[in-house]
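Engineer: Numbering-wise, the sequence shown is residues 5 to 548 according to the numbering used here.
Hint data in this document are derived by calculation from the structure and do not stem from the laboratory.
Hints may be right or wrong, so weigh each one.
Once the Cα atoms are required to be at most 35 Å apart in a straight line, the calculated DSBU-like pairs of lysine-lysine come out as [said to hold, decoys possible]:
1) Lys233 x Lys335
2) Lys294 x Lys253
3) Lys294 x Lys90
4) Lys131 x Lys91
5) Lys123 x Lys470
6) Lys74 x Lys160
7) Lys76 x Lys23
8) Lys529 x Lys470
9) Lys90 x Lys74
Simulated restraints on C-beta separations [said to hold, decoys possible]:
10) Gly339 x His243: 30 to 36 Å
11) Ser164 x Phe455: 17 to 23 Å
12) Arg535 x Leu465: 55 to 61 Å
13) Lys253 x Glu521: 18 to 24 Å
14) Phe246 x Phe455: 42 to 48 Å
15) Gln338 x Thr473: 52 to 58 Å
16) Glu38 x Gln338: 40 to 46 Å
17) Ser424 x Glu521: 25 to 31 Å
18) Asp208 x Asp438: 57 to 63 Å
19) Ser95 x Lys127: 27 to 33 Å
These numbers come from a predicted model, not from an experiment.
Where a beta carbon is used, it is the ideal one built from N, C-alpha and C, also for glycine.
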Amino acid sequence: MIDDISIKNGEETANFFNKKFNELCKDTNTNPCEQEALILAQNGFELNQVKFNFTNVTADNVIKVIKLLKNKRSAGWDEIPLDIMKKAMHSIAVPLSVLINQSFECCVFPDSLKYAEVKPLFKNGQKQNPDNYRPISVLTSFSRIFEKVALIQISKYLESHSILVSDQFGFRKGHSTVGAINELVNDVSWALDESQSTLGVFCDLSKAFDCVNHSILLKKLDVYQFSNKSISWIRSYLHNRFQRTVVMKNNTISKSSWVNIQMGVPQGSILGPLLFLLYVNDLPRNISSKTILYADDTTAIIKARSKTDLEQKINQTFFELARWFDVNGLKLNQGKTQLLNFRTAQAKEGYNTEIFFEDQLMPLCDSAKFIGIELDINFSWSKCISNIIDRLNTACFQMLVLRNYIDLKMRINIYYAFFSVVNYGIEFWGLSCDSEKVFKLQKKFLRIMTFSPFRTSCKSLFSKSKILTVPNLYLFKTLVMVHTNYASFFNDNFDHKYNTRFKNNFQYPIHRLRLIEKTPTYMGKNWLNFRICLHRMTSKASIA
């Protein structure tokens, strides 16, 4: 019984899910307006003189592409896994290169590579509720090779001509979730330092990848100077695609019939995410407030000097968001969209006026999830650390149960599996006063893992296990961020010709809040200046 519908066998279950997954955007997609969407896409975009065209590839190019793909054993409808293809890549590289070149020349993506098998993955909640299942799409391995070749060429064109907006951090080389979080933390922190009222709008789009309108996407590609042949190839890639759902019931694999997919970018594909980035690429240019995008995660940061100005900017930003979503056929999930009124810990109260979007009240929250990390209104990170502590307490109990049955090497592997949650975002919450609680739990886990008494010193245990402490991990991750963005730090260097002791030090920005000093960017300058100072001292010592 699923959703009060009686289902007798596996084939009926597969057909039920296949129909549901194919109609995901039926209730979420609005009526898009192609003409207005094209006007918004052209707004603020500077045309370049070079058009994008696909170029021919060689057998060596195909071999490099196959090596770049992840070695997965999952296979599509043709039942050919990628690891088998990797073993035979030198034998198939030449005919594959010929087929890919013919595909580009004829502007046709092979129909046999447009078939996807979908598997329902249970998320949480009641298993009888079909809304608690997420579709996982598996394409053929040959399709992945064709798409990867196209992806490399399109990405090179987009980056060399700076077509993708800097506000987009998803699915781009040199960009990451950490970069997006750092952008938000810096922007909000400086707004608070300048005594601005700041509101964060964390948008949740309903089935965004499935609601991409093909006609609008292809028109936007024309705006971004894609040639007619390349657009025709992408049109062939998007159109006439099919999917079927595969389920396991009573130890028997059941498959639904094939159904045609009318819209959206292909789920589980390599090229699909990049096409989605191009679809939403003009969103930041049509929003007056600061925006930060990570694929379909859209965040707007609204800042103003006074309450009256903030109200005006809130209304303007929501109007601009609603307009862009409507004309592009996307829908805001208002139930999951969160609003945070950022303020300092000393502020007595924040913005308390009711906010409405499309006649629905949008309540202010105390915390919001942003790309996997929990933010609170004053960056105390207490909610984020509390979630980490809950997971680590569970990890300690599980290690207490398992340690008698596994060796030390396996226990260390389990440590890294559980404590990966600590690695993510520690650059931001590592200086919080609550981070000491995480460090204590880390030592507790280490004592359990090594059968050490409760009050044993952990210094030698960290050394023997080759595990970084939480403070050292914070330092390491901050330095990694500095190294990744090292070029940007030179813009803040002192610019004078006087031969002073600190002429090579990096300049600290003028600020009034200690909140600025806790950001990874500020702390990164601390570490760089410390290294410069240490180098100067060792140089003098060697001369002496």
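Engineer: Each hint should be assessed against the structure and marked as holding or not.
Structural biologist: Taking the hints in turn, this is what the structure says about them:
no. : hint                        : result
1   : Lys233 x Lys335             : holds, 31 Å
2   : Lys294 x Lys253             : violated, 49 Å
3   : Lys294 x Lys90              : violated, 44 Å
4   : Lys131 x Lys91              : violated, 40 Å
5   : Lys123 x Lys470             : violated, 40 Å
6   : Lys74 x Lys160              : holds, 21 Å
7   : Lys76 x Lys23               : holds, 28 Å
8   : Lys529 x Lys470             : holds, 28 Å
9   : Lys90 x Lys74               : holds, 10 Å
10  : Gly339 x His243: 30 to 36 Å : holds, 33 Å
11  : Ser164 x Phe455: 17 to 23 Å : violated, 57 Å
12  : Arg535 x Leu465: 55 to 61 Å : violated, 29 Å
13  : Lys253 x Glu521: 18 to 24 Å : violated, 58 Å
14  : Phe246 x Phe455: 42 to 48 Å : violated, 56 Å
15  : Gln338 x Thr473: 52 to 58 Å : violated, 43 Å
16  : Glu38 x Gln338: 40 to 46 Å  : violated, 25 Å
17  : Ser424 x Glu521: 25 to 31 Å : holds, 28 Å
18  : Asp208 x Asp438: 57 to 63 Å : violated, 27 Å
19  : Ser95 x Lys127: 27 to 33 Å  : violated, 41 Å
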